[in-house]
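J.: Residue-level listing of the chains:
There are 2 protein chains.
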Amino acid sequence: MKILLKNAELLTQTGEIGQADIAIEGSIIKHIGEIEKNWQADKIIDCSNKLAIPGFINTHTHAAMTLFRSYADDMTLMDWLENKIWPAEANLTAEDVYWGTQLAIAEMIKSGTTTFADMYFFMPQVAQAVEESGIRAVLARGMAGVAPTAELALTESESFYREWQNAADGRITVMLGPHAPYTCPPAYLKKVVALSEKLGAEIHIHLAETAGEVKTCLEKHGKTPISLMNDLGVLDRGVLAAHCVHLSSEDIAIMSQKNVRVAHNPGSNMKLASGIAPVPEMLLAGLSVGLGTDGAASNNNLDMLEEIRLAAMLHKVHRNDPLVIPASTAVSMATNLGAKALGLGQVTGILAPGFKADITLFNMHAPHWYPRHDRTSLLTYSASAADVHTVIVDGKVLLDNRQLTTIDEEKMIAEVQKRGMRLIR
Amino acid sequence: MKILLKNAELLTQTGEIGQADIAIEGSIIKHIGEIEKNWQADKIIDCSNKLAIPGFINTHTHAAMTLFRSYADDMTLMDWLENKIWPAEANLTAEDVYWGTQLAIAEMIKSGTTTFADMYFFMPQVAQAVEESGIRAVLARGMAGVAPTAELALTESESFYREWQNAADGRITVMLGPHAPYTCPPAYLKKVVALSEKLGAEIHIHLAETAGEVKTCLEKHGKTPISLMNDLGVLDRGVLAAHCVHLSSEDIAIMSQKNVRVAHNPGSNMKLASGIAPVPEMLLAGLSVGLGTDGAASNNNLDMLEEIRLAAMLHKVHRNDPLVIPASTAVSMATNLGAKALGLGQVTGILAPGFKADITLFNMHAPHWYPRHDRTSLLTYSASAADVHTVIVDGKVLLDNRQLTTIDEEKMIAEVQKRGMRLIR
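From first to last, the protein sequence lines are chains A and B.
By this note's numbering, the letter at position 418 of the first sequence is numbered 873, and the numbering carries on one by one without gaps.
By this note's numbering, the letter at position 298 of the second sequence is numbered 753, and the numbering carries on one by one without gaps.
It is worth saying that the hints were derived from the structure and are not from the lab.
One should not assume that every hint holds.
A pair holds if it fits inside one copy or across any two, identical chains being indistinguishable in the list.
Said to hold, decoys possible - Computed cross-link-like contacts, DSBU-like style, restricted to lysine-lysine with a CA-CA straight-line distance of at most 35 Å:
#	residue 1	residue 2
1	Lys873	Lys461
2	Lys457	Lys653
3	Lys653	Lys539
4	Lys873	Lys498
5	Lys646	Lys851
6	Lys645	Lys670
7	Lys675	Lys713
8	Lys851	Lys485
9	Lys498	Lys866
10	Lys492	Lys653
11	Lys461	Lys670
12	Lys461	Lys866
13	Lys498	Lys675
Please construct the entire structure, taking both the sequences and the accompanying hints into account.
T.: This is the structure:
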């Protein structure tokens, strides 16, 4: 399949806005600029009044938790987990996770996301939803060393890796997903590291999300979570670390040395009152800091534009400095830095020849996109997820004039509504 | 005109979600619940899968500053004002303000806002745009005592009040708009108070927006801005105070005593790094704290759902307390508390018989509205402005299935694009 994006305004690799045609051949961006006359497209998309950007990279979520959207809010973390989320999660079936993931994918595609990183359970069903939908994903089976399923999780992670790594035309990457230092004791994490070495799989883990976690870790191990992970060899395995809210400067130095990649989740951190991550310092230290929505139960949607806006605004008021995290940086975090955070920096996150054709087209013809003094500013501070008009992943159109092409939206909605109500009974 | 909203889910006065029919007669909500059989509607709107809420009240904006949307971002306040905004504003004509206001109104209606409070200049053109569009507004001619136009502004304010107070079928309220303590010296504010007494007009003013403003005020007058305003008699006139970011507990006590009403602008305060207002304390003190977008140049859109979400999330992380400003409080700030802040608490902001029919219908049939465990949570944390389906103001439909009925959107867009580009040359 050859697709021509005709006359697009686009966000270039250097962060500038250009105007060009984009030629897509198979799964790849073949050319940007003037297209050879003898190159014949099978499909031409008129991009006038549209802005083409690399599809958003959601670097941290628990997709099927969409089923708990709006079930429990405005609670303390432990009250929320112990009295609401965990009892409801105990009712989840593999089919629930399939449908919950499909809801998440539908929402992500409709809001311009082309790749997401997931950590949950019943992962073969998650992978199935990813394969069918056409989206790109980095999947990890969540593992808790303190749970009765600790050993099972290791076995399942290995078989999940063997079955799904590089599957779905290469759209699926599998990582190992030890949940967090406070749910995975050192002995368990050593097993995870050994499995990671055996398989060649990277690691997706929650680190330093709350002040309480860091305090407990210091009391128990005499080290910060980052330092503990370093000593256990976790950080040598290629790590995607979610949250990283409470860090010392030593932690950041270690992360820089070990090239730890970060998923910053400003919406979740705000809603759960976890704290404000030292993003400016992490960026200054050269870390690849992407953006994530976290699960819909603590967000409560999967809209990456909201995370872009929060990243651009929260740190300004927190630092009393309106120059911190300008628009272009926030957009970069949601695209190319996010791709790097997932280990996909050479694959997606940039509009350039040779990269995967993972592209989101925003319809700019709406009042809030005028006047057009600066497109990057408009995207960052004024755009709406509902402006997403077309989404292409791996060279295939997954959203066409706001209509999903691979998901039966009505059927999915009926399923998730029914299942969501059942889960909380 | 009689309109029947058939089978609506609605946000009731008590903050609960109910299910009922809503009968509108003329500009008023006549009845909610079972409708008498002999009451015949001229128009019936099927509200299945829709959520009816009181239209949002945007308590503080500078509407025509939409023309500067995306022109200048990520700058320090004085650099932004002196080198970008003020030079561009110097180029504004009355016609520019008319079109910029029309853009703002179009955007506000499309995102569910039914009333806004404005402070700007060329106010007869603003009032004209309000009258033509059908929206409700509280308008103030901005006055700066330090400007060459200081005396003119007083004269214009008086004539503007006499011409437009209670105009447009009562949809327009006029206030006086002394800009701020740092632009209006005490002697000038005394003139404003005298004019306010003469006309019976209330006052809309920026107060305690930045730490620098408070510091300078203390150095110059030995008092905080709130205390200074109190001594000058400003607070006896019925005051809508925008921002109120930097307050002492004495300030809040004074505000409570004088029933000062507040426009909280979380988006603008974050983007300009102004600080985080003590909203929980103000609410605890019984103040009517509404939400506002501020001008589009510092936001950069006029989407009240974003302000609701920021209000619900920013204070949680700032206070390290996920229980602060729950969803229902944030929605209340955008509706009934906002109406009270504008002095319209007996007119709009609640769905109840006898109140003005200012109603926004959200289409809930989209992935991010499922599953529907809690509608108020979905509205607060997951909804999009693009879900706004129908907007009714004063009993008239201004948005019908997402189409503006009183504004020629294409013509307006062409005008604002052309004018926006001219202004910055």
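J.: A separate judgement is required for each hint: does it hold in the structure or not?
T.: Against the structure, the hints:
Taking the shortest alpha-carbon separations for Lys873 and Lys461, only the inter-copy value of 25 Å comes in at or below 35 Å, while the best intra-copy value is 42 Å. In this assembly of identical chains, the alpha carbons of Lys457 and Lys653 never lie at most 35 Å apart, being 39 Å within a copy and 72 Å across copies at closest. In this homomeric assembly, Lys653 and Lys539 never come within 35 Å of each other (Cα to Cα): the closest approach is 37 Å inside a single copy and 58 Å across copies. Taking the shortest Cα distances, Lys873 and Lys498 sit within 35 Å of each other only across copies (33 Å), while inside one copy they are farther apart (38 Å).
Proximity of Lys646 and Lys851 under a CA criterion of 35 Å is satisfied in neither setting, with 39 Å inside one chain copy and 67 Å between copies. Only within a single protomer do Lys645 and Lys670 lie at most 35 Å apart by alpha-carbon distance; the minimum there is 22 Å, versus 55 Å between protomers. Taking the closest pair of Cα atoms, Lys675 and Lys713 come within 35 Å of each other only inside a single copy of the chain (24 Å); across copies the shortest separation is 53 Å, beyond that limit. For a Cα distance limit of 35 Å, the shortest separation of Lys851 from Lys485 inside one copy, 14 Å, qualifies, whereas the shortest one across copies, 52 Å, does not.
Taking identical chains as interchangeable, the C-alpha atoms of Lys498 and Lys866 lie at most 35 Å apart whether they share a chain (28 Å) or sit on different chains (32 Å). Taking identical chains as interchangeable, the C-alpha atoms of Lys492 and Lys653 are never at most 35 Å apart, the minima being 50 Å within one chain and 75 Å between chains. Neither within a single protomer nor between protomers do Lys461 and Lys670 lie at most 35 Å apart by alpha-carbon distance, with minima of 55 Å and 55 Å respectively. Taking identical chains as interchangeable, the C-alpha atoms of Lys461 and Lys866 lie at most 35 Å apart whether they share a chain (34 Å) or sit on different chains (26 Å).
In this assembly of identical chains, the alpha carbons of Lys498 and Lys675 never lie at most 35 Å apart, being 60 Å within a copy and 68 Å across copies at closest.
The structure fails hints 2, 3, 5, 10, 11, 13 (numbered hints given earlier, in ascending order).
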